[in-house]
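*Asks:* Generate coordinates for the entire structure from the input sequences, incorporating the hints supplied.
Single-letter residue listing:
Protein chains: 2
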Amino acid sequence: MGQEVKMSILIKNVLLDGRETSIYIEENSIAGIGENSDADETIDGRGMAALPGMINTHSHAAMSLFRGYGDDMKLHEWLEKRIWPIEDRLTEEDVYWGTKLACLEMIKSGTVCFNDMYWHLPGTVRAVEEMGIRAVLSPAFIDNFDEERREKTIKEHTKLLRDVKSNSSGRITPALGPHALYTVSREGLQWCREFADEEDLLIHFHLAETEQENKDCLKKNGKRPVEYLEDIGFLSERLVAAHCNWLNKKDMKILAEHGVKITHNPTSNMKLSTGVMPYPEMRNAGLTVSLGTDGCASNNNLDMFEEMKFAALLQKSAGNDPTAMPAQEAWEAATINGARALGLNSGRIEEGMLADIMLVNLRIPALTPNHNLISNLVYSANGSCVDTVICNGRILMHGRKVKDEDRIMEKANEVAMRLAQDNVFISDRTNS
Amino acid sequence: MGQEVKMSILIKNVLLDGRETSIYIEENSIAGIGENSDADETIDGRGMAALPGMINTHSHAAMSLFRGYGDDMKLHEWLEKRIWPIEDRLTEEDVYWGTKLACLEMIKSGTVCFNDMYWHLPGTVRAVEEMGIRAVLSPAFIDNFDEERREKTIKEHTKLLRDVKSNSSGRITPALGPHALYTVSREGLQWCREFADEEDLLIHFHLAETEQENKDCLKKNGKRPVEYLEDIGFLSERLVAAHCNWLNKKDMKILAEHGVKITHNPTSNMKLSTGVMPYPEMRNAGLTVSLGTDGCASNNNLDMFEEMKFAALLQKSAGNDPTAMPAQEAWEAATINGARALGLNSGRIEEGMLADIMLVNLRIPALTPNHNLISNLVYSANGSCVDTVICNGRILMHGRKVKDEDRIMEKANEVAMRLAQDNVFISDRTNS
Numbered sequence: 112m113g114q115e116v117k118m119s120i121l122i123k124n125v126l127l128d129g130r131e132t133s134i135y136i137e138e139n140s141i142a143g144i145g146e147n148s149d150a151d152e153t154i155d156g157r158g159m160a161a162l163p164g165m166i167n168t169h170s171h172a173a174m175s176l177f178r179g180y181g182d183d184m185k186l187h188e189w190l191e192k193r194i195w196p197i198e199d200r201l202t203e204e205d206v207y208w209g210t211k212l213a214c215l216e217m218i219k220s221g222t223v224c225f226n227d228m229y230w231h232l233p234g235t236v237r238a239v240e241e242m243g244i245r246a247v248l249s250p251a252f253i254d255n256f257d258e259e260r261r262e263k264t265i266k267e268h269t270k271l272l273r274d275v276k277s278n279s280s281g282r283i284t285p286a287l288g289p290h291a292l293y294t295v296s297r298e299g300l301q302w303c304r305e306f307a308d309e310e311d312l313l314i315h316f317h318l319a320e321t322e323q324e325n326k327d328c329l330k331k332n333g334k335r336p337v338e339y340l341e342d343i344g345f346l347s348e349r350l351v352a353a354h355c356n357w358l359n360k361k362d363m364k365i366l367a368e369h370g371v372k373i374t375h376n377p378t379s380n381m382k383l384s385t386g387v388m389p390y391p392e393m394r395n396a397g398l399t400v401s402l403g404t405d406g407c408a409s410n411n412n413l414d415m416f417e418e419m420k421f422a423a424l425l426q427k428s429a430g431n432d433p434t435a436m437p438a439q440e441a442w443e444a445a446t447i448n449g450a451r452a453l454g455l456n457s458g459r460i461e462e463g464m465l466a467d468i469m470l471v472n473l474r475i476p477a478l479t480p481n482h483n484l485i486s487n488l489v490y491s492a493n494g495s496c497v498d499t500v501i502c503n504g505r506i507l508m509h510g511r512k513v514k515d516e517d518r519i520m521e522k523a524n525e526v527a528m529r530l531a532q533d534n535v536f537i538s539d540r541t542n543s
Numbered sequence: 112m113g114q115e116v117k118m119s120i121l122i123k124n125v126l127l128d129g130r131e132t133s134i135y136i137e138e139n140s141i142a143g144i145g146e147n148s149d150a151d152e153t154i155d156g157r158g159m160a161a162l163p164g165m166i167n168t169h170s171h172a173a174m175s176l177f178r179g180y181g182d183d184m185k186l187h188e189w190l191e192k193r194i195w196p197i198e199d200r201l202t203e204e205d206v207y208w209g210t211k212l213a214c215l216e217m218i219k220s221g222t223v224c225f226n227d228m229y230w231h232l233p234g235t236v237r238a239v240e241e242m243g244i245r246a247v248l249s250p251a252f253i254d255n256f257d258e259e260r261r262e263k264t265i266k267e268h269t270k271l272l273r274d275v276k277s278n279s280s281g282r283i284t285p286a287l288g289p290h291a292l293y294t295v296s297r298e299g300l301q302w303c304r305e306f307a308d309e310e311d312l313l314i315h316f317h318l319a320e321t322e323q324e325n326k327d328c329l330k331k332n333g334k335r336p337v338e339y340l341e342d343i344g345f346l347s348e349r350l351v352a353a354h355c356n357w358l359n360k361k362d363m364k365i366l367a368e369h370g371v372k373i374t375h376n377p378t379s380n381m382k383l384s385t386g387v388m389p390y391p392e393m394r395n396a397g398l399t400v401s402l403g404t405d406g407c408a409s410n411n412n413l414d415m416f417e418e419m420k421f422a423a424l425l426q427k428s429a430g431n432d433p434t435a436m437p438a439q440e441a442w443e444a445a446t447i448n449g450a451r452a453l454g455l456n457s458g459r460i461e462e463g464m465l466a467d468i469m470l471v472n473l474r475i476p477a478l479t480p481n482h483n484l485i486s487n488l489v490y491s492a493n494g495s496c497v498d499t500v501i502c503n504g505r506i507l508m509h510g511r512k513v514k515d516e517d518r519i520m521e522k523a524n525e526v527a528m529r530l531a532q533d534n535v536f537i538s539d540r541t542n543s
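Quick mapping for you: the protein sequence lines, in order, are chains H and S. Residue 543, in this note's numbering, is where the first sequence stops; the numbers in between run on with no holes. Residue 543, in this note's numbering, is where the second sequence stops; the numbers in between run on with no holes.
One or more hints might be untrue.
Treat identical chains as interchangeable: a pair holds within one or across any two.
Stated by the list, open to error - Here are the simulated SDA-like cross-link-like pairs (lysine to any residue), alpha carbons at most 25 Å apart as the crow flies:
id : residue 1 : residue 2
1  : K522      : N481
2  : K522      : D308
3  : K364      : D308
4  : K512      : R157
5  : K364      : G181
6  : K326      : T434
7  : K360      : F306
8  : K512      : L473
9  : K512      : G181
10 : K117      : G281
11 : K514      : N472
12 : K117      : S148
13 : K522      : R157
14 : K276      : G454
15 : K514      : L473
16 : K522      : N483
17 : K512      : L484
Read the hints as simulated data drawn from the structure, not as lab findings.
*Replies:* Spelled out as structure tokens, the structure:
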């Protein structure tokens with residue numbers, strides 16, 4: 112817990128699994144259900160349901176600065192004209208403000224933890240420390256198959272990750288962030304795997320997002336991405352793989368054998384037309400599928416309620432099967448499976464688990480009538496139904512108020528406007 | 112305007128098309144932009160953007176009572192085990208409370224007008240009159256190819272529609288509601304067309320929602336639905352056709368020639384796996400495409416912000432083209448095209464147009480930064496960004512508060528719980 116103040120919280124008269132009870136929190140954990148011990152803080156839970164907070168397993172938080180900056184474009188045009196030029200100009204301070212904004216948005220929509228990959232890690236770490244949310248944070252590792260760049264990156268990341276590991280509060284865990292097969296060399300990927308083993312860290316990676324990625328890998332390495340990654344020893348239960356749209360049954364079997372965790376990113380995949388992850392087949396292969404929003408440039412928000420609905424409806428629509436990904440599975444993907452992917456003792460409200468809790472206000476039209484709370488959360492509600500968020504035993508939002516929110520929005524908007532104004536659309540980089 | 116009180120409203124210091132101005136409303140219309148005349152009510156618009164309220168062109172409002180009552184089921188199982196048995200038991204009072212809840216939800220998410228088809232029309236009319244929203248309301252016309260039922264329905268609807276036409280305030284317009292090709296006889300459809308012509312009314316209809324509907328029509332009538340409907344003289348510019356998932360280019364051409372208006376219902380289509388409407392082809396054929404949520408049993412909410420995002424992302428994903436249905440087109444489908452479909456002088460904020468306006472709170476994370484407001488509204492925001500709703504020159508919501516909201520939710524929940532408790536799952540009706 113480091114510098115964080117130890118305290119106890121009692122949530123009284125709250126609905127939990129359909130019955131009214133109380134939840135007692137001590138330090139950062141749930142100490143008891145149905146107990147009414149005296150606490151430093153008491154929350155009146157009447158008219159609210161207590162639920163585990165959401166876990167977003169794939170994000171690039173500071174990209175909140177680019178929300179609405181480039182839409183409705185082909186993937187490469189979007190990256191080359193919009194995203195990469197503006198990212199080139201980012202400073203650690205910009206990333207700090209972008210991450211503050213992202214954390215604010217996540218807290219306001221019931222997310223208590225996220226798995227992030229981005230530039231300027233220290234900026235992200237500082238923002239997350241201040242905002243009180245839980246996170247697994249990886250610096251983006253890209254060597255572009257250049258040995259010199261790889262050696263430099265390895266040196267930098269070794270220091271960065273060890274620094275975060277030794278200095279952070281218990282809420283932040285560093286991780287390796289090799290970007291993708293088409294941006295990281297074999298040696299780079301292998302170093303990430305070795306360093307992760309040595310330091311006991313997770314690895315966050317983009318896998319089989321587009322059909323082109325598969326084709327290119329097959330051409331270059333004679334194998335599909337998953338088989339190639341198995342060959343070079345990259346696969347393990349440390350790996351959290353994003354997207355995974357273009358997998359066949361053999362790929363799924365290999366990933367399941369190695370205990371690789373999947374993060375499904377349906378909104379981003381739909382917006383960029385990159386493909387549809389074959390969820391039913393992956394679930395049947397025994398894979399743990401969680402949910403992630405991806406960055407705000409391709410979503411364009413961080414609302415995990417919306418992500419659940421997009422996930423369930425995309426599977427039904429693309430698979431031509433209205434029974435695909437039922438509400439309960441979408442709900443588990445956003446909570447308990449996220450905890451499994453990130454190795455957290457959370458995702459459920461039970462004694463002994465981390466006190467990462469949201470209280471949902473049941474007195475809103477989207478949750479009325481209450482025939483089925485999980486269905487209402489997945490198919491009807493959005494993040495604005497969340498009244499209170501507790502993370503690691505601290506109250507981050509109550510009555511929908513978060514500390515400093517106006518200032519965070521004002522500063523992030525300033526930073527974003529400056530970056531956009533400075534950006535030059537380098538048209539000759541298109542199709543390069 | 113009937114019993115409604117005439118008044119003037121001044122919205123000061125509000126953002127309109129990117130610049131700060133004021134909007135002056137007199138009686139039910141926008142009387143001036145940039146004017147600062149004295150008014151009965153003044154609204155401080157600082158930090159807000161003024162936008163036309165949303166127009167939902169396909170709903171079954173009272174089905175809000177069945178939100179979350181049956182999900183993740185095959186279409187026919189869902190209808191036969193869940194929806195039809197519970198609908199059989201509905202009273203006018205139930206429909207009244209269901210519609211009150213739906214209107215509350217619509218107002219709270221920025222919708223000012225909806226096009227509805229359902230049972231117990233007087234219950235719907237009473238709810239809409241009280242809630243202050245604008246609506247086109249049609250009683251569901253189903254004869255199941257039975258002459259006796261048809262004659263009875265024609266008699267009832269003639270009276271119902273004339274009653275509504277002569278007694279309602281200016282906000283409610285009656286319309287014909289022939290349900291679909293598989294529930295209404297040729298004679299029933301033709302009567303609807305004739306009566307609509309006589310009384311100058313719109314017609315609200317489900318068209319080509321499922322592939323099965325097309326197949327059945329082809330088998331029964333030797334023609335695809337659109338060609339058959341053209342043959343029997345059903346098509347005209349009075350027709351608002353919902354779903355339209357299974358159209359070919361010839362169908363589109365015929366519909367465009369007759370000036371038929373389309374309402375796209377992507378969330379419902381995805382949830383029930385009924386198909387993907389070919390939007391780019393329909394737009395290119397010159398058809399006016401608006402947006403509708405469908406009923407809460409198949410969506411499960413009435414949030415038109417969410418509907419815009421589902422529309423744009425479904426078109427990108429299913430069409431494998433990230434440039435399909437750009438944000439601006441989704442926005443127009445939810446506003447000006449809805450006004451065109453329903454023949455309303457609204458959908459834009461301009462002098463002389465109906466005062467059907469929403470004020471959006473720009474100081475929220477999902478609208479920060481503000482690189483592009485329309486993109487943020489379509490891809491990032493949800494209905495909770497709406498602070499104020501004005502319909503027909505009356506303030507229905509301000510500071511997110513709507514009159515009587517707690518009581519409406521409480522009563523609607525009571526009604527829904529009673530209906531569900533009384534419902535019997537008649538398993539032998541399955542596959543009948």
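*Asks:* Take the hints in turn and mark each one as holding or not.
*Replies:* Against the structure, the hints:
no., hint, in the structure
1, K522 with N481, "between (40 Å within a copy, 12 Å between copies)"
2, K522 with D308, "neither (39 Å within a copy, 58 Å between copies)"
3, K364 with D308, "within (23 Å within a copy, 62 Å between copies)"
4, K512 with R157, "both (18 Å within a copy, 20 Å between copies)"
5, K364 with G181, "neither (37 Å within a copy, 34 Å between copies)"
6, K326 with T434, "between (32 Å within a copy, 23 Å between copies)"
7, K360 with F306, "neither (30 Å within a copy, 58 Å between copies)"
8, K512 with L473, "both (18 Å within a copy, 16 Å between copies)"
9, K512 with G181, "neither (30 Å within a copy, 34 Å between copies)"
10, K117 with G281, "within (13 Å within a copy, 61 Å between copies)"
11, K514 with N472, "both (20 Å within a copy, 19 Å between copies)"
12, K117 with S148, "within (16 Å within a copy, 57 Å between copies)"
13, K522 with R157, "between (36 Å within a copy, 18 Å between copies)"
14, K276 with G454, "within (16 Å within a copy, 63 Å between copies)"
15, K514 with L473, "both (24 Å within a copy, 18 Å between copies)"
16, K522 with N483, "between (40 Å within a copy, 17 Å between copies)"
17, K512 with L484, "both (24 Å within a copy, 24 Å between copies)"
Hint check: violations occur at hints 2, 5, 7, 9; the rest are consistent with the structure.
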